[in-house]
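**Q** Here are the chains, one letter per residue:
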Amino acid sequence: MKTILLSGNTSLSYAVKQLDVDVISAYPITPQTTMVEKLSEYVANGELNAEFIPVESEHSALTAALAASAAGARVFTSTSSQGLLLMHEILFITAAMRMPVVMGIADRAVSAPINIWNDHSDIMAQRDAGWICFFAESAQEAYDKTIQSYRVAEDENVHLPVNLNFDGFILTHTYEPVTTLDDEEVLKYAPKKIRSLVLDPKSPYTFGALGSPEYYFEAKYQAVKALEDSFDAIVKADKEYKKISGRGYGIFNAYMTDDADTILVSLGSIGGSVREIVRRMRRDGAKVGSLSLKLFRPFPAKQIVDTLLKTKSVVVLEKATSPGAISGPLHMEIQASLKTFDVTIPAINIIAGLGGREIGPEDIRIMFNKGLKVASQKRVDTIMDYVGVNI
Amino acid sequence: MKTILLSGNTSLSYAVKQLDVDVISAYPITPQTTMVEKLSEYVANGELNAEFIPVESEHSALTAALAASAAGARVFTSTSSQGLLLMHEILFITAAMRMPVVMGIADRAVSAPINIWNDHSDIMAQRDAGWICFFAESAQEAYDKTIQSYRVAEDENVHLPVNLNFDGFILTHTYEPVTTLDDEEVLKYAPKKIRSLVLDPKSPYTFGALGSPEYYFEAKYQAVKALEDSFDAIVKADKEYKKISGRGYGIFNAYMTDDADTILVSLGSIGGSVREIVRRMRRDGAKVGSLSLKLFRPFPAKQIVDTLLKTKSVVVLEKATSPGAISGPLHMEIQASLKTFDVTIPAINIIAGLGGREIGPEDIRIMFNKGLKVASQKRVDTIMDYVGVNI
Amino acid sequence: MPKKVSEIDEGFVLKTPLSSMQTKTGSWRAFRAVIDYNKCITCGICWSLCPEPAIYLKDNKYTVDYDYCKGCGICAQECPVKAISMVRESD
Amino acid sequence: MPKKVSEIDEGFVLKTPLSSMQTKTGSWRAFRAVIDYNKCITCGICWSLCPEPAIYLKDNKYTVDYDYCKGCGICAQECPVKAISMVRESD
Amino acid sequence: MPYKTVKDLPLKENFGPGHRLCQGCGAGIIARLVTKVAGDNTIITNATGCLEVSSTFYPDTAWGIPWIHIAFENAAAAASGIRAAYNAMIRKGLKDSSPNVIALGGDGGTADIGLQALSGALERGDHFTYICYDNEAYMNTGIQRSSATPYGAWTTTSPPGKLSPGQKTEKKNLVAIAVAHGIKYAATANVAYIVDAANKIEKALNTSGASFIHFLSPCTPGWRIDTASSVKVSRLAVQTALWPLYEVVNGEYITTVKVAKRLPVTEYLKVQGRFRHIVNKPEEVAKIQAIADSNAAKFGYGPLSQ
Amino acid sequence: MPYKTVKDLPLKENFGPGHRLCQGCGAGIIARLVTKVAGDNTIITNATGCLEVSSTFYPDTAWGIPWIHIAFENAAAAASGIRAAYNAMIRKGLKDSSPNVIALGGDGGTADIGLQALSGALERGDHFTYICYDNEAYMNTGIQRSSATPYGAWTTTSPPGKLSPGQKTEKKNLVAIAVAHGIKYAATANVAYIVDAANKIEKALNTSGASFIHFLSPCTPGWRIDTASSVKVSRLAVQTALWPLYEVVNGEYITTVKVAKRLPVTEYLKVQGRFRHIVNKPEEVAKIQAIADSNAAKFGYGPLSQ
Amino acid sequence: MIEIRWHGRGGQGAVTASEMLANAALRDGKYVQAFPAFGPERRGAPVLAFTRIDDKPIEIRWQIAEPDVVVVLDMSLLSVVNVTSGLKSDGIVVLNTAKDSSEVKKIFPNYKVAKADATSIALKNLGAPITNTAMLGALLKAAPVISFETIAKVVGERFDQRNVTSLKETYDSTEVLN
Amino acid sequence: MIEIRWHGRGGQGAVTASEMLANAALRDGKYVQAFPAFGPERRGAPVLAFTRIDDKPIEIRWQIAEPDVVVVLDMSLLSVVNVTSGLKSDGIVVLNTAKDSSEVKKIFPNYKVAKADATSIALKNLGAPITNTAMLGALLKAAPVISFETIAKVVGERFDQRNVTSLKETYDSTEVLN
Ligand SMILES: Cc1ncc(C[n+]2csc(CCOP(=O)(O)OP(=O)(O)O)c2C)c(N)n1
Ligand SMILES: Cc1ncc(C[n+]2csc(CCOP(=O)(O)OP(=O)(O)O)c2C)c(N)n1
Ligand code: SF4
Ligand code: SF4
Ligand code: SF4
Ligand code: SF4
Ligand code: SF4
Ligand code: SF4
Ligand SMILES: [Mg+2]
Ligand SMILES: [Mg+2]
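So the protein sequences, as listed, match chains Z, V, A, E, D, W, S and B. Residue numbering for the first sequence follows our numbering, starting at 390 and increasing by one per position. Residue numbering for the second sequence follows our numbering, starting at 390 and increasing by one per position. Residue numbering for the third sequence follows our numbering, starting at 22 and increasing by one per position. Residue numbering for the fourth sequence follows our numbering, starting at 22 and increasing by one per position. Residue numbering for the fifth sequence follows our numbering, starting at 867 and increasing by one per position. Residue numbering for the sixth sequence follows our numbering, starting at 867 and increasing by one per position. Residue numbering for the seventh sequence follows our numbering, starting at 15 and increasing by one per position. Residue numbering for the eighth sequence follows our numbering, starting at 15 and increasing by one per position.
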């Protein structure tokens, strides 16, 4: 164990190196690039004994990763924004083929207009793809979650791809202290496993057959079930990781939620800033709380609802929109979850930070105040609100 | 006006011909192909004075359509499944650039496993892309909605792309009577308009600039607002169309919903079958109703909720899943809509028909019975249920 | 025929090489290839060109496997000594 | 500077050709190109090679526009008669 | 060990019967030949298309060796991934032997939607063999033009009509494009010349780095020919010099099958329904004859025998 | 009307100052030249990359003529769409004059992620000119290797290291690939030879169907050169025969700028930081010299002057 | 509503037959649907097509599980497909065969059967065994769902007079066995 | 918590400086964050970088609007960027300049100012005007947030001894004006 200064990007690269990944296949895109640069360096220097495939597009990046995984290798890829969107087709295929590919996503806004800054539109548009989906709040968490991701993805009871989201620039380019494990510890926690369903002349199997109407539904159902069932493995992996590292994250970070009048639900790097505002507003007597989600797929609906049960209003802050929908992707899912569990607590949606628009301390206060207003009025005026846009 | 035998695919082609489209850019994929084949024929024979660009992929198909639209042309494209997924990146761009591209989507399951049959996974995965999104129930409706689509897309107050979904094979390949308008009537209803923001050396404008954090949010908001605001134009276009054709569809078809104990909400070609079962079950005294949605984006949440207000339970039948989510995309949105309008009627989700799995009369009865059971128990046991899968 | 979820291997993998042989595509045939061994010079051309394959070597004789012969007629067309005839399947 | 939603043209179109001129990228410069007209033979090479462009023809003289000269030094390097010198911007 | 006659081919079938290719489909002949020459120690990746769809209709698979299909655009990228996996795993002692890696794609999956992945893999020099079975259209979706559809041919998206001669463009030259990437081995092949093809497959597999084979693949419904004549028609393609047989070794072009007396292209055109509308139009036939003549000049094919 | 000196170039600037390209960026020189030669009646489509990002930072645009950016992969497809729109609208009397349509892309947007769209447009023969400004890496994202990065060059994803010489592959030959598509005009160009380049752009625009220009575009941070020397270094690329200047008219190769006495490649390598690790390794230098020698032989460049 | 199922092989035109029938019915003022069994059709492989005809608009879109009539374009299918699967007990089997009535009746003892030697008729008229147009005639004889004139017109427009002759001769020569 | 903003030009190494400072602070047992102003950096264009140093973990991720210290690597920036924007009233401006104290004080009458002629020192030691390492010395003199030894070590590891000399000489020659 040692604590070193790493950025979100280089912390991932460092973990990937320790994990002795066999194949890396990636295409550059801001703000993910410094991650693959670092990996190229490791490979060029012989610090990581892997093949780095400098593919010609993200469609091929994920394809090559999938195929290498099918051949039995431990693989890594990463991307962002337009690159993730270009992988769209192959994302679904990777999951349904049950390949334990791990991908880092430096979340970034999607075109048009072209914008290289952070929001969550890229990953939200992939929420049906069938991947396990983590969000990190810091470089430390990005490092830890990368290691956990392999453990989960390669679990015999899981065999699913995992993506790990960390906010573009805000995390990817911020250097901060990261406490790392020793190499052996990493591989002991997430050992390489021999899978039996692999492309090998010794076992002449067929991968990717056509599923006619007689078989498709069952095949799809199997993949859907696998994702639902991965929940236990995810929780367990985190617990075991805590044992060896002292760090565990749970499926979300609930901060001062027990007695909160309003709880702000968020995803990703904003969590820490929200907690700081919670502390500040609490000092002024406002009973506010924060729930920062770490696991987005499978969606821990029950656990979220349980945490929200006693509050008076919920504010879902999200850096994404679903134009023309009743509300944003995360809000819609939380709203539906509340309804499903017969909880009538009002929940509003606040869209902010699109395309890297700064969410400052005042903005977070505004959001909490909106939540407090709903809590006291017990009524929602605007379901979907925007903070920070110049209308 | 004349009534001729057309399939879903050829009815679209016929409408596109009447609409005097300037540029068609498309790539073949089952079950969309017969549509582009017909269009090729029209162009080869001089029946349609258009350029047909036989692109090398769907990514380019939509790009070329977008660019042709930016140059001021009336354009058409179409695709399905993997092709739609490959367009993913450009879908978002087309909407945010406000291009009135019209696209026919022969809805089909997505890989893996590869499957060429119908479900709605392809379009559902595009629900954040910012397009107006229609569903047709018949070849007639596909024809009518194609014409309406141009009217709406090119409306000065809209300027957004429109996609028109019609179920693969079930509609694309079924021949049935279609009553067509005369060519002049079509162009009178949906006249070609001169747009001022086009690529023309006479107006040296820049399209597709970079939107830094200072501008991106506003730009995005503008496109989101445009989609929300398109609702009125959509309703109006349908009304005016009814005036000239006698046929109007509204935003959904609500059938025997007024006194229903349970209402089954569906999308696309299954609507007619559901209504037939409503009639049959009503004969046996079961108070069931059907709501078949025609407009999916912008999502008519308020109107749907109003229609569901008096029922005792809701069954949302959908041919798509969002693995790891609380429920399927359509159900989640309806559930969230109900919650948003403080409606506590229980709503269950039934996933069926994935990958072309037949949904027969008995299956629909089963679904209604599930709804009736929830209505009488006033309690939901399983939020997401599958019908037709062999577990 | 349709399988249960649990009967499908993870990721839809097929662990059954050549399992297509369970589908007897000889049923597609309207004509059958019949080899006249009096003429056949055992050159192997028919064998090398059958797209199925529905011709195999058995006891040094190229033999048609009617479970799979789709009756395309390539073998008959390409046989250098015209040893193969295409015979209509009975009505 | 940030604009309101209503001030942005539909689809983010910019109807302002060459509006980049509002950004005076001369501020990036650490050195400035200065032409010695005693040496200059008006060949136009500097003009043809300036990436900005920050050289224009005025009254038959190639003139540096300091609003935009980024001080790259290409013009000085390429001038066939070494008529251009790069002068450090004052501290 | 070059093949001399078809009897030198291995008996073992790794592409088995029961698949659902049409009667008389050339892709079946090619898949059999490729798997025979490559042998058991081989992994195949296959782009979406007739061969893929018809050979792996779950729970049927016609393949006796490891095979994977991912999507339409990316057979070459999949091959790169498999090769990289084996490279790394062999280095780490996790695998012991290095298999042949073969990517199979139709003309659409190769010359159009898969060209970029192919170009990337060729450029990187990844060690695999790409075999394009070229039936000259998108057949799996019902005969639409591709960039490999020959000039004048009918397809459903290049229909002859008042304003159209059928396909308007000339066939994309895949071998020339592959060769422009500096690969060490590229070749054309044809089902009517099985031994020539077998030797080329073997050479390609033995090439270090990337290799490419462009294999004409007759299609009975797509070419509108009867099911028995697919090999015969393919032979005519060679004999008319519309499909010259050659290989390109380290950039050098070598003709492998010479034709002393060329047949006029009409011999090839007139037996195929897809050229029916054109075969009696002398100007159009002349254009196609010119293509053949230029091929003949380039590859040393003999004069027209009329 | 061929250009004889730079003074023949139009004065009007359609690529204006205030853009955010680096000091000394070659792409700025190219964009200015292209817009000058093409004139007002032109529509440009630009792939994502340095030029695009730096020239249209809202609300700034450096373009004086219609310009569109859609994404990274598809400048050529966009050009096809624009051309098709004009073809149809002119036929219908909705537009009166036919503009030049130019697609601009970096080496990444052309040789890698945009190659397929380019190949499709070339194959269809769509009437437009594609100009690749080749700075030999993905510069906009911070200097990663592309398939156009030359052998041995440092980039952040081809770092020299214990196991790596820098870029391991040879530069993809874009002109050869374009020519393999049978287009009527293709050429190379260089900022140190502005008049030659201007004439080529003009010829390309006047070609019916598709045309292609491969333009070396010096990049000061990416090549690790000082900002003043980008033109000088580009000239060395020609003088060493690493960037021969030629055009290909209907398939025929014509050298447009001859070099009587070639410089050794070290002259080119030693002035660039990206080759620093290699310039003192004779085996590596020899490999690069061999590339130059082979170019010299092909394009009639003179002997090495040492 | 009457529901018809067509059995043929890839390339024999079963789908076109189902469509021509629907087209004729439409002209006769009926409501119709015509559709193939969805999926890839390979040359030689058994295929299905369907036609629905009714006096009122047809809204349902489920598959036809219990047809009123099945038409078999190629007798060789009998050994591989159960053509009477789901056929209503009072349903009709329409066969293209040269076999004699007693033989045919033996194969389908429980159904009303109609038969014609469409192959011979087609060979004679068209020079090729294209039996789909011909078998429309056999169908109409067995189940006069629409007028012969209309179907003849539809066939004539889509193909040519030789096909109409083929249709007519088959119609005339069809035997209906009960 | 102390918040520092770095002003430089693309290519001058402001981002690296912010990172080296954070690295040294980390070794001194502090909690840190170092990040650039997010966006494309072009050669010559004005750029920003930031460092946060605290005794307890840093959770916030909003931008640094009100720094405690600003470091200016290149005086030519003064005419294009307002380097004191948001600077706390008791904040410090650290300048790389050869100007004399009174001149400098005139420019920033309201702030504590530190100055060093880092360019000359760098030119002397490195043969190039690479001032980022040097200016770390000026910063430390003005605001001794961490130990000189640690920063010298970090610079030495990342670069070489010449840079450490440059750092040291700048540290020693920095004048702090109040
Ligand atoms: C992204 C995408 N677009 C379109 C398709 C539809 N599609 C499947 S196979 C095929 C044609 C394949 O043509 P080719 O590669 O020539 O192979 P062939 O079918 O002719 O053997 C098409 C267009 C697809 N599967 N994926
Ligand atoms: C699909 C996709 N992948 C990756 C990117 C990120 N990206 C933007 S520009 C660029 C590099 C462009 O390189 P090149 O085309 O050579 O142009 P240059 O920047 O060198 O001028 C990359 C990788 C993107 N915008 N879209
Ligand atoms: S007829 Fe065709 S399928 Fe039958 S054996 Fe001959 S070649 Fe094979
Ligand atoms: S091709 Fe003819 S001669 Fe040769 S083995 Fe076959 S049947 Fe015998
Ligand atoms: S120094 Fe550079 S930017 Fe300035 S005028 Fe000269 S070439 Fe132009
Ligand atoms: S290059 Fe030199 S001589 Fe020529 S115009 Fe410029 S300053 Fe004058
Ligand atoms: S359509 Fe052509 S390529 Fe496809 S299976 Fe049939 S014969 Fe083979
Ligand atoms: S990085 Fe290179 S190509 Fe990009 S703007 Fe700077 S100099 Fe030009
Ligand atoms: Mg094909
Ligand atoms: Mg580049």
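It cannot be assumed that every hint is accurate.
Stated by the list, open to error - For lysine-lysine, the following DSS-like pairs were computed, each having C-alpha atoms within a straight-line distance of at most 25 Å: (1) 582(V) / 1034(W); (2) 614(V) / 24(E); (3) 1050(D) / 1164(W); (4) 103(E) / 870(W); (5) 36(A) / 582(Z); (6) 60(A) / 1164(D); (7) 958(W) / 591(V); (8) 958(D) / 45(A); (9) 958(W) / 1028(D); (10) 870(D) / 1034(D); (11) 103(A) / 873(D); (12) 581(V) / 958(W); (13) 632(V) / 167(S); (14) 958(D) / 1164(W); (15) 103(A) / 870(D); (16) 902(W) / 79(E); (17) 762(V) / 691(Z); (18) 631(V) / 44(S); (19) 591(V) / 103(E); (20) 958(D) / 60(A); (21) 582(Z) / 873(D); (22) 167(S) / 391(V).
Treat the hints as calculated values from the structure; they're not laboratory data.
**Q** Hint by hint, note whether the structure agrees.
**A** To see whether the hints hold, each was checked on the structure:
1. 582(V) / 1034(W): The hint is violated at about 54 Å.
2. 614(V) / 24(E): Measuring from Cα to Cα gives roughly 16 Å; hence the hint holds.
3. 1050(D) / 1164(W): Holds. Residue 1050(D) to residue 1164(W) sits at ~19 Å (cutoff 25 Å).
4. 103(E) / 870(W): Between residue 103(E) and residue 870(W) the Cα gap is close to 22 Å, so the pair holds against 25 Å.
5. 36(A) / 582(Z): holds, 20 Å
6. 60(A) / 1164(D): violated, 41 Å
7. 958(W) / 591(V): Measuring from Cα to Cα gives roughly 18 Å; hence the hint holds.
8. 958(D) / 45(A): violated, 44 Å
9. 958(W) / 1028(D): It holds: about 18 Å lies between the C-alpha atoms, which stays within 25 Å.
10. 870(D) / 1034(D): violated, 40 Å
11. 103(A) / 873(D): holds, 19 Å
12. 581(V) / 958(W): Holds - the C-alpha atoms of residue 958(W) and residue 581(V) are around 12 Å apart, at most 25 Å.
13. 632(V) / 167(S): violated, 34 Å
14. 958(D) / 1164(W): violated, 44 Å
15. 103(A) / 870(D): Answer holds: residue 103(A) to residue 870(D) is near 22 Å, not above 25 Å.
16. 902(W) / 79(E): holds, 18 Å
17. 762(V) / 691(Z): Judged against 25 Å, a Cα distance of about 24 Å means the pair holds.
18. 631(V) / 44(S): holds, 24 Å
19. 591(V) / 103(E): violated, 41 Å
20. 958(D) / 60(A): violated, 57 Å
21. 582(Z) / 873(D): Roughly 44 Å between the alpha carbons, so the hint for residue 582(Z) and residue 873(D) is violated.
22. 167(S) / 391(V): holds, 18 Å
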